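Here the protein sequences line up with chains V and H, keeping their order. Note that the working numbering gives residue 226 to position 226 of the first sequence, counting from 1, and the numbers run on in steps of one. Here the working numbering runs 1000 ahead of the position in the second sequence, where the first position is 1.
No lab work stands behind these hints: they were computed from the structure. As the structure is a computational prediction, the values presented were derived from the model and not from experiment. Wrong hints could be hidden among the right ones.
What follows is a set of in silico ranges between Cβ atoms, one per label pair, in the way DEER data are often shown [stated by the list, open to error]:
no., chain 1, residue 1, chain 2, residue 2, range
1, H, M1085, V, S127, 18 to 24 Å
2, H, K1123, V, K57, 45 to 51 Å
3, V, H55, H, P1072, 56 to 62 Å
4, H, P1211, V, H55, 32 to 38 Å
What the simulated footprint calls covered on chain V by chain H, stretch by stretch (three residues with Cβ under 8 Å from a Cβ of chain H suffice, anywhere in the stretch; the number is not a length) [to be verified]:
no., segment
5, 85 to 98
6, 122 to 134
7, 226 to 232
Sample of chain V residues lacking proximity to chain H, with all beta carbon distances greater than 12 Å (derived) [to be verified]:
no., residue
8, R22
9, E59
10, I140
11, Q155
12, L171
13, Q203
Ideal placement from N, C-alpha and C gives every residue a C-beta, glycine not left out.
Each chain, letter by letter, is given below.
There are 2 protein chains.
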Amino acid sequence: MPLFYQPNVTSGEHFLDGEESRHCVKVLRHSNGDAIEIIDGDGSKYTAVITNANHKKCEFNITEAIKKQHPPHYIHLAISPTKNMDRMEWLIEKIVEIGVQEVSFILCKNSERRVLKIDRLIKKAISAMKQSGQFYLPKIHELNSFDKFISDSVQEEKFIAYVDKSNQSFLHKAASAKSNYCILIGPEGDFTKEELQAAFDHQFNMVSLGPSTLRTETAGLAACHTLNLLNW
Amino acid sequence: MPLFYQPNVTSGEHFLDGEESRHCVKVLRHSNGDAIEIIDGDGSKYTAVITNANHKKCEFNITEAIKKQHPPHYIHLAISPTKNMDRMEWLIEKIVEIGVQEVSFILCKNSERRVLKIDRLIKKAISAMKQSGQFYLPKIHELNSFDKFISDSVQEEKFIAYVDKSNQSFLHKAASAKSNYCILIGPEGDFTKEELQAAFDHQFNMVSLGPSTLRTETAGLAACHTLNLLNW
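So here's chain V without its partners, still in its complex pose:
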């Protein structure tokens, strides 16, 4: 059954927004009486019947609702954006498939990209959520300074990935199951010594993601996958 994304269904808004309406009615040519599925990105999936196949505001009646519980853990990935935006779009697609709850972009001393538009990243996330059968859309935040981010961070288990051959504290051994995590991934030139110290001062623990030197986006994905594995 065709699947659409519409937030705030629970608040009684039983219509698809502009883009999804157009896709439903103009592209897929659905009409009144057709059955569709809707996810709200907040844990619910609905089966519905189209009552007004308007390509600007397609209305529907809900016939069935399923609510999926949150996973027992929470992953907040904070990552320095790469110069090449394709790599960030790719990362978002992959971590949504694998599972992540929150994504922040952090501006570090060595960040190669100083400006970031998150609209396209949110679209990528919605598309990956639909594709992979996820019920939750992760929160994706605008670019923020490293210092502000680490001082605001509230997760229980906080980690900073750092490339240091002598660092043998692997993330998969340092993190506990069923916890909520924040993991910082730095830019290609890595975090500076000052950033590392500031993270320590805010109770972040230095971890390694493995013996290889990973690209930023590979490290982001590896971190999310590692933390999920601890909880499966």
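Since the structure of chain V is provided, determine the placement of chain H on it from the hints.
Just chain H now, kept in the frame of chain V:
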């Protein structure tokens, strides 16, 4: 120091091949006496000095050699190629970064791509090996039929990833550390029941990579990362 790839250095061939010579001499403008680094993709890294900066056959003298041992485990990923080649190139880049020893492409009933050129994939692998500081280049095989592949497979621990909500045997719990593994990843439409049965007949065990439905290339990467984590 600039890094080049040249296989068979140990057999006494102390020059870079055509493309690497051109890159070294024409693009990077190295000349006689310059120091370079060379990896042979078979565990060795050399420091060398250019003795003849010829852009077709750049000769060098080795001044130092380091040999890196194989990891204690061996991962053979066998995957159905996706329709979109970018996704396979991406996969190769990522699994070389993360670590994989052998990659096979398998033609399944539901494979969307029936022809595959591996030249570009090998180039991607070489580039990722250089970028990520790996010493070994994985073996990458031409497309082979599923049946032929599973009957020829010689790994100790053999797995087939299959999307089945009732399948709770996760790869990270089913596999042992320090072993050699073969893991099969199917096409978008997954393996057929007949392929699954044929794999069982050849001692492959059905595993899940997690609760999400992953794209083919995401599954390939997740499988390699999971098996590596067991050994770190």
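Report the numbers of all earlier hints that the structure fails to satisfy, in ascending order. 12
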